[in-house]
Amino acid sequence: MSEHAKVPADEEASEEESDESEQAPVTTGAQSVVRALENAGAEYIFGVQGGAIMPVYDALYDSDLNHVTMAHEQGASHAADAYGIVTGKPGVCFATSGPGATNLVTGIADANMDSDPMIALTGQVPTEFVGNDAFQETDTVGITQPVTKESYFAADSDTVGDNVGEAFALADAGRQGPTLVDLPKDITQGETDVEPSEPTTPDTYEVQEEADDAAVQEAAEALAAADRPVILSGGGVIKADASSALREFAMEYEIPVITTMPGIGSFPEDHELSLEWAGMHGTGYANMAISNTDCLLAIGTRFDDRLTGGVDSFAPDAEVIHVDIDPAEISKNIYADYPLIGDARKVLRQLFDAMPRVPDVDEWREQCQTWKDEYPMTYDTPDDEPLKPQYVVEKFSDMTPDDTIVCTGVGQHQMWASQFWEYTEPRTWVSSHGLGTMGYGVPAAIGAKLAAPDQEVVCFDGDGSFLMTVQGLSVAVREQLDITYVVLNNEAVGMVRQWQDGFYEGRRMASEYPWIPQFDKLAEAFGARGFRLEAQEDVEETIEAAREYDGPSVIDAHIDPGENVFPMVPSGGDNGRFALQEDHLEEL
Amino acid sequence: MTGGMPGPSPHDRMHPKGRRNKQGIRIDPEAEVTHEPRQAVLSALVKHKPGVLSEVSALFSRRQFNIESLTVGPTVDDDTARMTILIEEPEPGIDQAKKQLRKLVPVIEVTELDPTAVRRELALIKVGGEKPDDVNAVAEMYDGQAVDASTDSVTVEITGSKQKIDAAVEAFKQFDVQEVVRTGAAALERGPKTLEKHD
Ligand SMILES: Cc1ncc(C[n+]2csc(CCOP(=O)(O)OP(=O)(O)O)c2C)c(N)n1
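In order, the protein sequence lines correspond to chains A and B.
For the record, in the first sequence the residue sitting at position 85 is 573 according to the working numbering, with numbers rising by one throughout.
For the record, in the second sequence the residue sitting at position 156 is 218 according to the working numbering, with numbers rising by one throughout.
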């Protein structure tokens, strides 16, 4: 069970009036920290105890906030990250000083790359020891500064609550991202009667919500005049809750839509205007369209190299309209002919109103359809053996409701989960993109499930990724979380092996894992349900059994170890020159 | 090896004519755009609090901006400090540097100073003490002055542009330069214009 607050029953009714919402005044810095989280609307905290953070945990004892003890701090930060993706509000994680804080860093860096809202609170040695290499001291602010929106060092018991409130508000504001507050033990233990004020962003932090009208008008004219327009919808569209605005816009003006990988779910993949996602392992049709478009409306994307390939060959004919809330993303990687700075939802509304007409692009849409027919997302099923990972994903997708949340680790399985699952809703795709963190899946599914208890949660993992955070299963069992983990087991770090076969003459150095444990038995040892899946004919039945089990289950799916991910644009390559099979790689 | 997908091979596909350069700019076939590096002087007002300098300098190293010098000092307002940062980058790099700086939470305002801005650097140069009169003469040539002298050494202070100081250091080499310390540039816009929040 979550460690719900055990609220002491000594509610001494105040003499004048008994106002239920009135809380006891804070008396310590730690109480102020917890009060600030409550004020900010936090619900769950993922963390691990320890000496330096103990005063804050002690204050949590009297709070209604739910704390979930994780098995490793990396899991705490990934769970908080996933919670943030699914709810749209900052996820919260706690760790103690030193190793606790350093263990959080991977998840913080991950959130930073994907602009996921998150706040991390770390214990620190008492102020008088800071800088002395005290027991369990690390320079947490120094370590995390490059991977947060801002890292705070709390220096005063009277203001520590405001630090937390500000960090929380900042994580959520503008372009979302992680923040951290480092909490020296004497500061949280210290006495204070100062109540934290309402969480507000720092006065130096300004966000431009609406784009300049004249610029919007120019961009709209360019888009309406284009012969081969495409919308590229990034993760920012989901972050800005702009998915429905995007749908309206695309459908009204009949412009084909491509998503980035983090943008999966921002536009329904079953809609005829959808070309699904572009990039290294994106669909052939998305990559053809992006290579041949003459006007790219890119929204909430930072043009990561996994999307663009080599910038010299990216959308080479296109004028680029770039909508982003972060001015620093404009012309960072791809030059924007029409920069529109603002919130994706608001700017889409502005653009909608500014469009002079529906662009005349029947021919272009037909061309896109031709590409869909030419490069279908299918896979080889010569016989039913060995089991194909794509089949497992596809079947699972068919069997579940539209709002099912899919989490993943990192590797080939992640690509199959993004290619062969049909996504139609935002906030249903929870994966590690920018950092590409193996081990993300197990704890992310925990955060996702707690964020959306009424939605089904499935995690596709690789055997390598699963092993990195498998201890998180103990948490899923303790909390009785109804999650289905599917390990697409190829007894290898498959993505590495694919690259070795493609680019290193098959020299499989350190990529094969023939000593992998039996995951179904491992699951049982943790107290979860375990299933072993080998044959195609058992797929449906096994998935059904795992879904029916009310608690965490693990399907150890032994897949064809020779299966590789296609299409593929080689790193830094030209998106229009993707390989559809192994021997195409040699041509590129 | 399995896992192939159907469709025409890479060479049988329709392919666009266009191209971009390494900075992601669409290349106009007539006038190819490339940006040569140039020097820029950035002036930033920041909150005067611990860790700001490391945050700013870490930003520059992390993003691989080619930094020439960075100076920082207090302003008339106790709560703010001012940094002068010289970078040498192609135009898009300078643009990025400004935007990334602005993004840092403790940064209040950033501007690029006009090339005509007043730019000064200070150097202290310690040379051998054998010929104090000659040292003085050279110092005067550069509007400098001796600020310390002993039997073995003379320390001279020079203020001015980077070029002037480069030249002075060069000129002092005849006296056995023992140590040099330079501050890097501090700069302010000419005329009444100041750098304040909201311009
Ligand atoms: C923490 C971490 N270490 C190493 C890598 C490099 N890497 C990327 S994909 C991959 C293989 C992943 O293997 P597995 O989880 O078994 O998935 P598969 O590719 O076999 O589906 C590796 C090692 C990484 N992304 N993250």
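Don't take each hint at face value.
Computed footprint of chain B on chain A, listed as stretches where at least three residues anywhere in the stretch have a Cβ under 8 Å from a Cβ of chain B [claimed, not checked]:
{"hint": "1", "region": "627-634"}
{"hint": "2", "region": "810-824"}
{"hint": "3", "region": "900-908"}
Think of the hints as simulated: they come from the structure by calculation, not from any bench.
A virtual CB, placed ideally from N, CA and C, is assigned to each residue, including glycine.
So, going through the hints one by one against the coordinates:
1. 627-634: holds (count 4)
2. 810-824: Since 9 is at least three, the answer is holds.
3. 900-908: violated (count 0)
The structure is inconsistent with hint 3 alone, although it conforms to all the rest.
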